[in-house]
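Protein chains: 2
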Amino acid sequence: MTVEKRTPIPVKDAIERVVKESFVMPTTTVALDESLGYILAQDIIATYDIPRFNKSPYDGFAIRSVDSQNASGEHRKTFRVIDHIGAGSVSDKTLAQGEAIRIMTGAAIPEGADAVVMLEQTIEDDDSFSIRKPFEHHENVSLQGEETQENDVVLQRGQHINAGAIAVLATYGYTEVPVYRKPSVAIIATGSELLDVADPLEPGKIRNSNGPMINALITKHKLTSKVYKIQHDDLESSIAVVKQATEEHDIVITTGGVSVGDFDYLPAIYEALQANVLFNKVAMRPGSVTTVAVTKDTYLFGLSGNPSACFTGFELFVKPAVYAMMGANAIYPQIVQATLMEAFAKPNPFSRFIRATTTFNGKEMTVVPSGFNKSGAVIAIAHSNAMIMLPGGTRGYQKGYTVDVILTDSTAFETELLL
Amino acid sequence: MTVEKRTPIPVKDAIERVVKESFVMPTTTVALDESLGYILAQDIIATYDIPRFNKSPYDGFAIRSVDSQNASGEHRKTFRVIDHIGAGSVSDKTLAQGEAIRIMTGAAIPEGADAVVMLEQTIEDDDSFSIRKPFEHHENVSLQGEETQENDVVLQRGQHINAGAIAVLATYGYTEVPVYRKPSVAIIATGSELLDVADPLEPGKIRNSNGPMINALITKHKLTSKVYKIQHDDLESSIAVVKQATEEHDIVITTGGVSVGDFDYLPAIYEALQANVLFNKVAMRPGSVTTVAVTKDTYLFGLSGNPSACFTGFELFVKPAVYAMMGANAIYPQIVQATLMEAFAKPNPFSRFIRATTTFNGKEMTVVPSGFNKSGAVIAIAHSNAMIMLPGGTRGYQKGYTVDVILTDSTAFETELLL
Chain A
1 MTVEKRTPIP VKDAIERVVK ESFVMPTTTV ALDESLGYIL AQDIIATYDI
51 PRFNKSPYDG FAIRSVDSQN ASGEHRKTFR VIDHIGAGSV SDKTLAQGEA
101 IRIMTGAAIP EGADAVVMLE QTIEDDDSFS IRKPFEHHEN VSLQGEETQE
151 NDVVLQRGQH INAGAIAVLA TYGYTEVPVY RKPSVAIIAT GSELLDVADP
201 LEPGKIRNSN GPMINALITK HKLTSKVYKI QHDDLESSIA VVKQATEEHD
251 IVITTGGVSV GDFDYLPAIY EALQANVLFN KVAMRPGSVT TVAVTKDTYL
301 FGLSGNPSAC FTGFELFVKP AVYAMMGANA IYPQIVQATL MEAFAKPNPF
351 SRFIRATTTF NGKEMTVVPS GFNKSGAVIA IAHSNAMIML PGGTRGYQKG
401 YTVDVILTDS TAFETELLL
Chain B
1 MTVEKRTPIP VKDAIERVVK ESFVMPTTTV ALDESLGYIL AQDIIATYDI
51 PRFNKSPYDG FAIRSVDSQN ASGEHRKTFR VIDHIGAGSV SDKTLAQGEA
101 IRIMTGAAIP EGADAVVMLE QTIEDDDSFS IRKPFEHHEN VSLQGEETQE
151 NDVVLQRGQH INAGAIAVLA TYGYTEVPVY RKPSVAIIAT GSELLDVADP
201 LEPGKIRNSN GPMINALITK HKLTSKVYKI QHDDLESSIA VVKQATEEHD
251 IVITTGGVSV GDFDYLPAIY EALQANVLFN KVAMRPGSVT TVAVTKDTYL
301 FGLSGNPSAC FTGFELFVKP AVYAMMGANA IYPQIVQATL MEAFAKPNPF
351 SRFIRATTTF NGKEMTVVPS GFNKSGAVIA IAHSNAMIML PGGTRGYQKG
401 YTVDVILTDS TAFETELLL
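Chains A and B supply the protein sequences, listed in that same order. 1 is the number of the first residue of the first sequence in UniProt numbering; add one for each residue after it. 1 is the number of the first residue of the second sequence in UniProt numbering; add one for each residue after it.
What the hints contain is simulated information worked out from the structure, not anything from laboratory work. For clarity, every value in this text was computed on a predicted model and none was experimentally measured. One thing to keep in mind: the hints can contain errors.
As the list makes no split between identical chains, a pair holds if one copy fits it or if it spans any two.
Said to hold, decoys possible - Below, in silico cross-link-like pairs of lysine-lysine (DSS-like), each with a Cα-Cα straight-line distance of 30 Å or less: (1) Lys281 - Lys363; (2) Lys346 - Lys363; (3) Lys296 - Lys363; (4) Lys93 - Lys133; (5) Lys229 - Lys399; (6) Lys12 - Lys243; (7) Lys346 - Lys226; (8) Lys346 - Lys222; (9) Lys363 - Lys399; (10) Lys133 - Lys374; (11) Lys319 - Lys220; (12) Lys220 - Lys93; (13) Lys346 - Lys93; (14) Lys319 - Lys222; (15) Lys133 - Lys346; (16) Lys281 - Lys133; (17) Lys20 - Lys363; (18) Lys229 - Lys133; (19) Lys281 - Lys229; (20) Lys77 - Lys93; (21) Lys243 - Lys399; (22) Lys229 - Lys363.
With the sequences and hints as input, model every part of the structure.
Structure (structure tokens):
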């Protein structure tokens, strides 16, 4: 029985080793209304200008601006209304001097007209109206191509498809959207101490919380997963199960079994699978024993069995790998700065990640650790929307210090209306 | 034909009027692995301590700390290993003087032991090992109840169920989770100028981008929606369709038809439904004509037909209403501060919301408008993860000013690793 020696590498190096492997998934197409959360697999090129024609941004009257010159409160100019056009309709008339066409928001500016008078700027009288000020050429007109022009790249390959991207794709008639396939994920919680959620408690045992948590994180990123049954500490069956998982999935996430104990089989499993271990120790707390390995086309993430360490490993390593596989341009976590609202002693030289709650107090972004925060803590994760990142090699942090914060959850914790 | 006079109210007042209506949905239960994104409908009380028993946070040997006193490099203390316990197992032995039990991470501390020696701190020799330093009472022991104690509230009613909450619920054996039902949403795009995504273009017409965009925003919040077919400008059928939607759904979102034009039927529809109009003009740009009305148990959101205004109306009004209906404690958008990286002229005294991209540049949070940003703009929405909020009554903003930013999208736009 020997204790395996492991050399910790810096967090940044570990993340870079993970994403450098970059198995990019093949591309496919999905229906527009299924495409949210996918990564776009090709540039989307404008096939026409937006706006596609000069249009009215208001309800009002299309006029020739030249006819409005010298209008004033004392000398109102009167126009004769020769047509009404609703949105989506096009007038077949061309304006002559002193003529106007009633126009709706979004309708095409008729021939001859070059300005729009808003309803609120008129006094109406049957089939005519008057105005009290001159209008400029193109006043109140949304010009063809002012937003984008034909052949412009309107969405980039590698961009997250968000609601706005879906609006753009709809505009250009994409009923099907070119995307990267999403990786499929196997989740295997390991450990003879683990009970299923539905199981009654037994002495010395705990319920498996990492499996459901990781499954929720996978669901949050709109990936599909298969949750394997809890794998007890038996080497042969563990090898068989993980091997099967690597054959059926693009990512295999195990929790537990990554330490250096007698029943921690992951090193032996990786060896049996001839997987290339990218690292098995990271200079960070919690989660220093996080291990990542790769086979030919599968990532193996060996996350800690400690919930806070498990969560941290997911956010730091699994998430960037997932988005790299999906071909995303933006794969790293969103970082903000915040003012630390309570001191945090830091007893070791490793980088420290602390489940935390960020709040904007009306003046500044603030952050506090979300309660009891050891590696094994679970409740703090539920009350966090961020992780404080204290770099290695620094000492304790005092209240009032500015710290870097990784945003992990977009559900706000504020209840006040701060607008 | 008269122009309806509308009195704008401040954004904050408008939001407060919306959420004050608060139709809270009935409660139900959902399976644990379906509960992500729901709001918890009751407090979750700890039914036992966490940890539930004194446990080892490391692989190593459980000892009696008293036996380690005076250990040093010169005078190592030797222990005899009398049992091996894996995680989940419990030893039936009680330690006597000089004895130790091999223990795995997570296993219960055996009777008589009060400290754990990490494997790395030992020299092993068959059935014994020696140490070179004394251990304190409870050194390397995770104490029962140190994270939380029986009867503590571990999750609050009204909290978003995130991955961490799911881990807590799993720990306490919740296979079913008490939640508020989610509101069902009807989406009705209105306007005779609108074509379906699959339709070929026609003169004067545009494809409906608001319907797919709003549907994506609804999907993002994990609500179910029914997308109605495009409603052309016809009062009678519009009344019938919206009436049916209010009967079948908790929220009805219309886009378009909220202006003051001849074909803008929403006021007439609200009147026909005897809906209470909370406001029909807000002192903001874009989206000043956003209208919100309520019937007995349904919200009617009349969002602008202009995509940027439509998006803004969703984020400001629909989102808080959705979370208020779901019983959430946190219903308002997350706000941060950022440094404006380009000047923004502001030609009117209304509050201004600008689709924008926030980036943390390693030193500070920065923000820039996401391109062409008029009310009708669509592409900028796709490239935004935030909205800059410039309060009413202020003048233009210079580069370098600090501005408030509402976060609207958690997908990062950064590609650099900033750890």
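Against the structure, the hints:
1. Lys281 - Lys363: between (40 Å within a copy, 29 Å between copies)
2. Lys346 - Lys363: both (28 Å within a copy, 23 Å between copies)
3. Lys296 - Lys363: neither (50 Å within a copy, 39 Å between copies)
4. Lys93 - Lys133: within (25 Å within a copy, 98 Å between copies)
5. Lys229 - Lys399: neither (44 Å within a copy, 56 Å between copies)
6. Lys12 - Lys243: within (29 Å within a copy, 56 Å between copies)
7. Lys346 - Lys226: neither (38 Å within a copy, 52 Å between copies)
8. Lys346 - Lys222: Intra 36 Å, inter 39 Å, cutoff 30 Å: neither.
9. Lys363 - Lys399: both (16 Å within a copy, 19 Å between copies)
10. Lys133 - Lys374: between (70 Å within a copy, 24 Å between copies)
11. Lys319 - Lys220: both (11 Å within a copy, 18 Å between copies)
12. Lys220 - Lys93: Neither: 54 Å inside a copy, 45 Å across copies.
13. Lys346 - Lys93: Classified as neither: same-chain Cα gap 77 Å, cross-chain 37 Å, threshold 30 Å.
14. Lys319 - Lys222: both (12 Å within a copy, 20 Å between copies)
15. Lys133 - Lys346: Close across copies (23 Å), not inside one copy (69 Å); limit 30 Å.
16. Lys281 - Lys133: Classified as between: cross-chain Cα gap 25 Å, same-chain 74 Å, threshold 30 Å.
17. Lys20 - Lys363: Classified as between; 26 Å across copies, 40 Å inside a copy.
18. Lys229 - Lys133: Result: close neither inside a copy nor across copies, 76 Å intra and 42 Å inter.
19. Lys281 - Lys229: So Lys281 and Lys229 pass the 30 Å test inside one copy only (27 Å; across, 56 Å).
20. Lys77 - Lys93: within (21 Å within a copy, 104 Å between copies)
21. Lys243 - Lys399: Intra 48 Å, inter 56 Å, cutoff 30 Å: neither.
22. Lys229 - Lys363: Answer is neither; intra-copy 48 Å and inter-copy 45 Å both fail.
Figure legend: structure checked against the earlier numbered hints; hints not met, in rising order: 3, 5, 7, 8, 12, 13, 18, 21, 22.
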